[in-house]
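Under this note's numbering, the first residue of the sequence shown is numbered 1, with each subsequent residue one higher.
Quick caveat, the hints were computed from the structure, so don't treat them as lab data. Check the hints yourself; a few may be wrong.
Under the rule of at most 16 angstroms between Cα atoms (straight-line distance), these lysine to aspartate or glutamate pairs were calculated in the EDC-like manner [stated by the list, open to error]: (1) 110 / 49; (2) 192 / 170; (3) 192 / 176.
Label-pair restraints from in silico Cβ distances [said to hold, decoys possible]: (4) 450 / 341: 45 to 53 angstroms; (5) 348 / 407: 25 to 33 angstroms; (6) 6 / 204: 17 to 25 angstroms.
For each residue, glycine too, the CB sits at the ideal point set by N, CA and C.
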Amino acid sequence: MAAASFLDRGHTVARPGYSRWLIPPAALAIHLCIGQVYATSVYKTALVEHFGTTLTSIGVTFSIAIVMLGVSAAVMGTWVDRAGPRKAMFAAACCWSAGFLIGALGIATKQLWLVYLGYGVIGGIGLGIGYISPVSTLIKWFPDRPGLATGMAIMGFGGGALVASPLSRELLVFYDGSGGTTAVPSGAAVAKLFLTLGVVYFLVMMLGVFTVRVPAPGWRPDGFHPAKLEAKPMVTAAHVSAANAVRTPQFWLLWTVLFCNVTAGIGILEQASPMIQDFFREGGTSSVPAAAAAGFVGLLALFNMAGRFAWSSTSDFIGRKPIYVVYLGAGMVLYTLLALVGPTSTGLFVVLAAIILSFYGGGFATVPAYLRDLFGTYQVGAIHGRLLTAWSMAGVMGPLIINGILDSRGTPGELTANDYRPALFTMVGVLAIGFLANLLVRPVAARWHEPAVAPQATTPGQAPAGK
1 MAAASFLDRG HTVARPGYSR WLIPPAALAI HLCIGQVYAT SVYKTALVEH
51 FGTTLTSIGV TFSIAIVMLG VSAAVMGTWV DRAGPRKAMF AAACCWSAGF
101 LIGALGIATK QLWLVYLGYG VIGGIGLGIG YISPVSTLIK WFPDRPGLAT
151 GMAIMGFGGG ALVASPLSRE LLVFYDGSGG TTAVPSGAAV AKLFLTLGVV
201 YFLVMMLGVF TVRVPAPGWR PDGFHPAKLE AKPMVTAAHV SAANAVRTPQ
251 FWLLWTVLFC NVTAGIGILE QASPMIQDFF REGGTSSVPA AAAAGFVGLL
301 ALFNMAGRFA WSSTSDFIGR KPIYVVYLGA GMVLYTLLAL VGPTSTGLFV
351 VLAAIILSFY GGGFATVPAY LRDLFGTYQV GAIHGRLLTA WSMAGVMGPL
401 IINGILDSRG TPGELTANDY RPALFTMVGV LAIGFLANLL VRPVAARWHE
451 PAVAPQATTP GQAPAGK
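Sequences and hints are given; from them, build the entire structure.
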């Protein structure tokens with residue numbers, strides 16, 4: 001009972017003098033682990049060979065995980081706000097770890113449905129709860145820089161593949177026992193990798209569980225005056241409940257913006273490792289070795305991570321709406337260049353893909369601050385959870401577009417840059433829809449606002465006593 005009560009929200013209220021800068025590391029402990037979902041392309045080909053199936057069938061695992069991320073975030077969003085970040089992070093750690101363990105059993109027994117259930121469904125629930133659990137807490141700790149705050153948290157999700165990609169590659173070589181001489185690791189090696197990741201990620205995520213705190217009622221940082229923030233365009237001083245937010249056109253416009261941004265970016269991420277090899281394939285042989293392709297996944301993860309911090313922080317100065325003009329407008333140009341001139345130079349291809357992924361990551365990190373600007377801090381975590389259903393939909397559409405087109409145009413390992421062009425031009429059209437949706441966003445009408453509540457007075461920078 002004592003251990004269970006430790007997870008209660010009342011036991012996570014910060015005492016006077018607690019440093020808000022301890023919260024970003026707690027958030028990173030969660031997001032770096034669940035960000036592994038972006039490194040699935042490292043062992044994707046191994047699973048295709050192990051199960052004797054197609055890219056699309058294996059890609060379904062990733063899609064299920066992303067669908068469950070959005071569904072669990074939407075359904076559990078209000079519970080996360082009510083229960084507090086510590087209990088939510090613990091639940092996320094249990095689900096994410098269990099997903100790997102069940103997935104390992106499915107690989108070992110050649111039961112693909114167990115991989116779908118484990119990594120896809122149960123792991124996906126851990127993804128959703130873990131993704132939103134630190135975000136609203138960080139916004140409350142950093143009301144003066146919400147873009148910076150969400151960037152710090154969600155940066156870890158983008159950086160998860162930066163850690164998981166090389167780690168997975170080295171563990172696969174070790175568990176395969178081939179010394180890296182085989183082109184494709186065995187299914188047994190992937191099963192052992194899943195077991196290892198399941199244990200390691202649980203231990204790391206528990207560091208965040210023990211560290212996280214919520215600010216006491218009425219707390220604010222030194223020198224922060226809410227009036228300065230609320231004087232900016234598109235930033236409200238009012239609050240909108242999660243139930244009312246989904247009834248506003250602003251919510252669905254942002255849903256469309258996020259869906260389009262994610263659909264376009266996820267197509268590259270989910271196919272990253274084989275994609276660079278296929279773009280530079282001549283005479284049936286790629287000039288990019290497998291090790292370099294895996295390194296490319298890590299590089300994209302680095303830009304994905306850096307974009308989440310850099311672009312989201314920039315939005316604190318130029319505004320959320322203008323920064324999405326950059327993400328979506330420049331993204332259309334970059335995708336067009338990738339399709340037309342990307343195959344002419346490996347360096348150019350890498351640069352274009354890296355910038356695209358920085359915009360992709362920036363879009364994720366900026367959207368919670370965008371929601372805070374439009375709907376206030378009341379139930380922003382729950383609103384964010386509902387918005388992530390756009391990610392679920394994009395997690396299905398992005399891989400389906402890419403994998404469906406590639407499966408129709410040839411055999412994996414024999415594709416070329418020409419086979420990717422139809423999918424890339426489709427992504428340009430998707431980004432154009434998001435661009436128009438962002439232009440239509442306006443402040444939320446007053447009829448959706450919650451009744452005003454006078455804030456509790458406290459000394460700036462000083463939190464009232466709490467447990």
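Hints the structure fails to honour = none
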